[in-house]
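> Given chain A, put chain B in place with the hints provided.
If you read the sequences in order, they're chains A and B.
Numbering of the first sequence is given in our numbering, commencing with residue 1 and proceeding in unit increments.
Numbering of the second sequence is given in our numbering, commencing with residue 1 and proceeding in unit increments.
Honestly, the hints are just simulated from the structure, not real lab data.
The beta-carbon is built from N, C-alpha and C at its ideal position, and this holds for glycine as well.
Among the clues, some could well be false.
What the hints assert, rightly or not - Output of the computed footprint for chain A on chain B, the stretches with three or more beta carbons under 8 angstroms from beta carbons of chain A: (1) 13–26; (2) 77–89; (3) 103–117.
As the list claims (entries may be wrong) - Below 27 angstroms or equal to it, Euclidean Cα-Cα: the simulated DSSO-like pairs (lysine-lysine) are: (4) A:Lys66 x B:Lys15; (5) A:Lys45 x A:Lys66; (6) B:Lys15 x A:Lys45; (7) A:Lys66 x A:Lys51.
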Amino acid sequence: MVNHEARLSRTFAALVDPTRRAILARLEREDGTSVSELARPFEIKLPAVMKHLDVLDAAGLITRSKAGRTVTVRLAPRPMRAAMDWLRRYERFWSASLDRLVTYAERKEREARWKGR
Amino acid sequence: MEGPMTSLTLVRRIKARPSIVFDALTMPEGIACWWGPDDGPVLVAETDVRIGGRFRVRFRMLDGIEHESSGEYLEVVRPTRLAMSWRWAGDEAIGESLLEFDLRAIPEGTELRLTHSRLPDEETRQSHQRGWSGSLDKLERYFQARGGGS
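Isolated chain A (complex conformation) (with noise of 0.2 angstroms):
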């Protein structure tokens, strides 16, 4: 449980930059691309995107495979999936709640005009 709650932490902390999420949104279009074509559409050097790469394999988001001289990058979906899975509990808790919040909140409002006549 607890190594399980320290990878989604990992998760979500590869996820939060933005460089990171754009390659992760290119591999969803294009699975299996190399390195030198990822590094391509950004501003930034290719060890710059090396680094991004590293955090995203550490965070099992990625896996890369060398084929001679090329290193492919393929999206590893499971630990997204649990970081997904995160969002949705709290999303089921928090629609619920709320729909009472709402109904509880306007009920108050109605006997607060009530008593203030």
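Just chain B, lined up with the frame of chain A:
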């Protein structure tokens, strides 16, 4: 789901003035009426609504299982803003998350915005707010298409 994928944002428009909504969010008798994912009862609601004060809410779900969350109030600005740290009891090894309520007066009453973010530090929170360029749905479809496991 709205918002960037490292945090959850929900918005509700409520036909009640902001001070009434704020009190519903913070007073134990209010919390007891709405807190929880289903219609199971709130068993404990304690709040010490000031910066550095703590809250604790324990509820039982309809399946009989009890859950407790607690945290510390980080910002208290009645009736417009409330921010608190959040953690589930029994999960002390896990970092806290951040829960924020922003209330805005609108003609019919109040617009309430809830944000629950996984990562509590300021730098991270700001980078959440800069946003994600909207790929969540596509990514979700992608992962669904791939099926389970991997």
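> State for each hint whether it applies.
Hint by hint, here is what the structure shows:
no., hint, in the structure
1, 13–26, "holds (count 9)"
2, 77–89, "violated (count 0)"
3, 103–117, "holds (count 5)"
4, A:Lys66 x B:Lys15, "60 angstroms, violated"
5, A:Lys45 x A:Lys66, "20 angstroms, holds"
6, B:Lys15 x A:Lys45, "53 angstroms, violated"
7, A:Lys66 x A:Lys51, "17 angstroms, holds"
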